[in-house]
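Colleague: Chains as they are written, first to last, in the numbering used here: chain X, 3 to 114; chain V, 3 to 115.
The set of hints was computed from the structure by calculation and includes no laboratory data.
We put the CB at the ideal spot given by N, CA and C, even for glycine.
Be careful, since some hints might not be right.
[What the hints assert, rightly or not] Covered stretches of chain V (chain X as the covering partner; in silico rule of three or more C-beta atoms under 8 Å from a C-beta of chain X):
1) 17-29
2) 66-79
3) 105-115
[As the list claims (entries may be wrong)] Once the Cα atoms are required to be at most 30 Å apart in a straight line, the calculated DSSO-like pairs of lysine-lysine come out as:
4) V:Lys54 to V:Lys107
5) V:Lys79 to V:Lys107
6) V:Lys62 to V:Lys107
7) V:Lys54 to X:Lys59
8) X:Lys98 to X:Lys59
9) V:Lys79 to X:Lys98
10) V:Lys54 to V:Lys79
11) X:Lys19 to X:Lys59
12) V:Lys79 to V:Lys58
13) V:Lys62 to X:Lys59
14) V:Lys107 to V:Lys58
15) V:Lys70 to V:Lys107
16) V:Lys58 to X:Lys98
17) X:Lys59 to V:Lys58
18) V:Lys107 to X:Lys98
19) V:Lys58 to V:Lys70
20) V:Lys79 to V:Lys62
21) X:Lys59 to X:Lys20
22) V:Lys70 to V:Lys54
23) V:Lys70 to X:Lys19
24) X:Lys20 to V:Lys54
[What the hints assert, rightly or not] Residues of chain X clear of chain V, computed beta-carbon distances all greater than 10 Å:
25) Ser82
26) Thr101
27) Thr112
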Amino acid sequence: EADIYQTPRYLVIGTGKKITLECSQTMGHDKMYWYQQDPGMELHLIHYSYGVNSTEKGDLSSESTVSRIRTEHFPLTLESARPSHTSQYLCASSAKRNTEAFFGQGTRLTVV
Amino acid sequence: GDSVTQMEGPVTLSEEAFLTINCTYTATGYPSLFWYVQYPGEGLQLLLKATKADDKGSNKGFEATYRKETTSFHLEKGSVQVSDSAVYFCALSDGNSGYALNFGKGTSLLVTP
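Given these sequences and hints, build the entire structure.
Modeller: See the structure below:
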């Protein structure tokens, strides 16, 4: 069983609030990722990291930002939440090139 | 660029029916291929994988063979159960975007008793 954790599982928040979605893994993986999953199920890569102090934007433009100060931690922040940010956010990590990624259970964010 | 195309759902089957979910890919180089499953309200779980041509991945009665000549990785199961109801994603990884997985759009499967 994969050891990657996301908190909170569910979050309802008002427009304009700042939020941070937490993601931690205990597997020592260098590579970590954030995906946004729309209601139609499709997954979009929004951020990734090769390791500490490395962050890159993914294929889908996102107003969120990420940081990677420690290997195990890869939080995602929205400075000012909007209803268009309502989605499920999935964090993942992987060990080596072209190997499987392990996913957290996701955070379902609703901005009202 | 790289892409994964999988058959659209929803797919509805009776229990014990045969399942095939088609997946084809476009990639430069030699990608690794994966099938993931997502149960309602959960994250994704790896179902099976194949890292080179002609490899067969298998798990829990599901199988898929990496076919380089047809650029395909179709998922099959001989006899589905109600508990197999979920969304299935085909994915590839070939070194782009930090070796992130590139997913198909997902196929929803509903198995009825």
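Colleague: Determine for every hint whether it applies to the structure shown.
Modeller: Do the hints match the structure? See the list:
1. For the segment 17-29 of chain V, the proposed coverage by chain X is not satisfied: 0 residues have a C-beta within less than 8 Å of a C-beta in that chain, short of the threshold of three.
2. Counting residues of the segment 66-79 of chain V whose CB lies closer than 8 Å to any CB of chain X gives 0, so the stated coverage by that chain is violated, three being the minimum.
3. Residues of the segment 105-115 of chain V with a Cβ under 8 Å from some Cβ of chain X number 4, which satisfies the need for three, so the listed coverage holds.
4. For the proposed pair V:Lys54 and V:Lys107, the alpha carbon gap of about 23 Å is at most 30 Å, so the pair holds.
5. As the CA atoms of V:Lys79 and V:Lys107 are separated by approximately 20 Å, the hinted pair is consistent with the 30 Å bound.
6. For the suggested pair V:Lys62 and V:Lys107, the alpha carbons sit about 23 Å apart, so the restraint of at most 30 Å is met.
7. Between V:Lys54 and X:Lys59, the direct Cα distance comes to roughly 28 Å. Compliance with the 30 Å bound is thereby established for this hinted pair.
8. With a CA separation close to 20 Å, the supplied pair X:Lys98 and X:Lys59 stays within the 30 Å bound.
9. Between V:Lys79 and X:Lys98, the direct Cα distance comes to roughly 29 Å. Compliance with the 30 Å bound is thereby established for this hinted pair.
10. Restraint check for V:Lys54 and V:Lys79: satisfied, since their Cα atoms lie roughly 21 Å apart, inside the 30 Å limit.
11. Annotation: proposed proximity of X:Lys19 to X:Lys59 holds, straight-line Cα distance about 22 Å (limit 30 Å).
12. The suggested pairing of V:Lys79 with V:Lys58 holds, with an alpha-carbon distance near 13 Å, which does not exceed 30 Å.
13. Between the alpha carbons of V:Lys62 and X:Lys59 the distance comes to roughly 35 Å, so the proposed pair goes past 30 Å and is violated.
14. With a C-alpha separation of about 22 Å, the suggested pairing of V:Lys107 with V:Lys58 holds against the 30 Å cut-off.
15. The suggested pairing of V:Lys70 with V:Lys107 holds, with an alpha-carbon distance near 21 Å, which does not exceed 30 Å.
16. Distance hint between V:Lys58 and X:Lys98 is fulfilled; the C-alpha atoms sit about 21 Å from each other, no more than 30 Å.
17. Distance restraint check for X:Lys59 and V:Lys58: the Cα-Cα separation of roughly 33 Å exceeds the 30 Å cut-off, and the hinted pair is therefore not satisfied.
18. Pair hint V:Lys107 plus X:Lys98 holds up; C-alpha atoms about 24 Å apart against a cutoff of 30 Å.
19. For the hint pairing V:Lys58 with V:Lys70, the CA-to-CA distance comes to about 12 Å; that is within 30 Å, so the pair holds.
20. With a C-alpha separation of about 9 Å, the suggested pair V:Lys79 and V:Lys62 falls inside the 30 Å cut-off, and the hint holds.
21. The hinted pair formed by X:Lys59 and X:Lys20 meets the criterion: a straight-line CA distance of about 20 Å does not exceed 30 Å.
22. Annotation: proposed proximity of V:Lys70 to V:Lys54 holds, straight-line Cα distance about 8 Å (limit 30 Å).
23. Only pairs whose Cα atoms come within 30 Å are accepted, and V:Lys70 paired with X:Lys19 is rejected, the gap being roughly 48 Å.
24. Distance check on the hinted pair: X:Lys20 and V:Lys54 sit about 44 Å apart at the alpha-carbon level, beyond 30 Å; violated.
25. Against chain V, the non-interface label of X:Ser82 holds: every CB pair exceeds 10 Å, the least being about 26 Å.
26. With a minimum CB-CB distance of about 7 Å to chain V, X:Thr101 fails to clear the 10 Å threshold, and the non-interface call is violated.
27. The beta carbon of X:Thr112 is kept farther than 10 Å from every beta carbon of chain V, the shortest such distance being approximately 14 Å.
Hint violations for this structure: numbers 1, 2, 13, 17, 23, 24 and 26, all remaining hints satisfied.
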